[in-house]
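Below are the chains, spelled out letter by letter.
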Amino acid sequence: MSNSVSLMVNDSVQGQQKSYLVNSLPDPPVGEKGCSLRTKQRIDLLLLALEALELGASEKMLAAAKEIGIQDVIKHRVGLWSLRRTNPWRRSHARRILKVKEAKALVALAGMRSRELTLDIRKLLLAEQKLREKGLPIESEFHLSEYLERFRAHFRSRMNPRRARVAAYNANDQDLNELALFLLNQLLFCTGTAGLQRLWMSLFDGEVA
Amino acid sequence: MNTIRRQYNLPNCQLILEGLVDANADSSQVSGRPVLSTLINAECRFTGVETVLNGGRSFLDNLIAVVSAYAQEFLSGVYHTEAHPEEGSAIAFEKTNVPDRHRLLWYPETGAQGGVATEAKAVELTTVQLYDLVEAIDQLLTDNRTLPDLTLDLAPVSRRYRQADVPMAQRLAPAVVGLGSLAIAAGLFYLTPTPQEIEPPQARVEEVRDEEDSPEGLESPPGTDTDTDIESLDPEDSEDPETDETPLSSAELATLLADATQIGDATELSYLERELYRQLDRGWEDRNEINRDLEYRVAVGQDGAILSYEPIAGTSEGSDRQTPLPELAFIPTSASLPEEIADFRVVFTDNSVLQVSPWFGYAENPTLGPEIEDSATLRRLNDELYDTLIEEWTETPIFQRALRFRVGVLEDGTIADYQAENQPAADFFEETPLPDLAEPEAAGIGDGSLVPKEPLAQFDVVFRPNKVLEVSPQRGF
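In order, the protein sequences belong to chains A and B. Residue numbers are given in my numbering: position 82 of the first sequence equals residue 102, and the series is strictly consecutive. Residue numbers are given in my numbering: position 14 of the second sequence equals residue 1131, and the series is strictly consecutive.
For the record, the hints were derived by calculation from the structure and aren't laboratory data. It is possible that part of the hints are untrue.
What the hints assert, rightly or not - Mimicking SDA-like on lysine to any residue, the simulated pairs with C-alpha atoms at most 20 angstroms apart in a straight line are: (1) K150/A - T1513/B; (2) K150/A - R1220/B; (3) K53/A - T1513/B; (4) K154/A - G1165/B.
Make a model of the complete structure from these sequences and hints.
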């Protein structure tokens, strides 16, 4: 744990550019090879969960990119897509480096969108909690079941079923639901004061020497 | 000295601190709030939970450190030792059998100086409660008028703590039952019958198309200027009918592979060996995890796709999770199953070296396929290749050592094939224009076989860190 990073939180962000979301993410100790396959995969899935949460999510992500001043990294739909398809699970997977700067941009987008959706995310998770307490199937609540269904559809249409891990998920709705809920929990953390930094650091757990 | 009370209220969690005001700090000028600099008592309550956690400064320090570590462990699925201190800490976390539950253990302080009880009081938290606790802590940490010496320290844990990579959902499964059945599922996925029908997400098709992030209606997408990219940007790409077919079951696959003919041609084998090595080398990330050599017999198709693998030489069934094999293996469909296959011996050594060799060896010396040998053509192509590469090489080099490649060029100057000849080249090939420029299909590579069908001129190409480019024919002019 020698690579400890202290976070300075700028408390004069009010009225400033929202670029602090990006700037608040510390540089992880990864080299020039950029993010690992696992990091690429986790970031793209997080954005996939956001798409299952709201319609028109990718448009909103592009608008958010402008708002937080990362248009130089994510210029347009193609740009966003070409970063996301570094996820090795995708049907349209592209082998390319995902630079730390690019990963930060994607995670900042997730942070931006989750903050807007804080209430929805909490409602869904509280619904899940209630259903689990009562021993009811998690799909018996309308909004939750809608989110899960949309996530499964997105996952199945975008991820390559010939990848063994994807096939394992596709084979079982329950596994995909658990994945969708796990991602929802991650999005909840993105809404917090320093939650985005926590999530960001967690993307590099087990990826450094 | 005045005592002062600070409260951080979240829907499910309340963090209350009582302490002394630092009389020396100039408080009123900056924010009007005095600085709480010495903690007397910290209290942590959860809505609907009777147990109220409390203690002094060391309790609060433990709470912050352990909750931080546990939150990160929860987010990444990678074990954090700090989240589970063995003794002396007022706070620790335990895994539960339920995905949405986290057991927080509190060891109340005893009368003795700095001592804590040996018996813990347990509080079961939901993930939302855990989040609210983390958020209360983060609000405290960013409040520079309360214990300003506290800071948020985050760092990723080392590869050593990374467990075998299992699907995230299953990581949340019950600790005992879950892990057992999961290990089996992950290790023997070939033996698990794959579903006969993958439920087509028809009901959502329209919506999904709306949301599909592949750009539609963009004839010439800005920012991407290579043919390959434009081709794959086609949204139809994701509807490749082949990929929608039902993958074969393990039994069907085993029968079909047993009947398949082994590729004997040395050149073809060497191209497959290179492709297999490339895939595994790029996919093998956790090299420190292996403490003994892991050996596999791996079957690949004519296109280089990994079809199946089995452990050999005493390698255990479940150990494939320490290798990139499960991630890279493609389950073929009956339509995509190749007529001919090649078996390779693959060794992931405990000193991080990857070895790939044909199972049945080479019957003769492999070649690079048909070659252009005419010296006038070689001279012309040498100049053309240099010009193309120097023009396209726009990135400032970030590598420290020279990258050496073999590059195969068609008679018309098209780059059809390239191969890293040293480790820096394998690591940084994406920093060169080669991946964007290469058009393997132009030489018939990948059309049934990876061996080029058209003759290629073979060049040595060196990209140097000082941005110098060198091109020379492999066998001289």
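- prompt: Broken hints, numbered, in rising order?
  reply: 1
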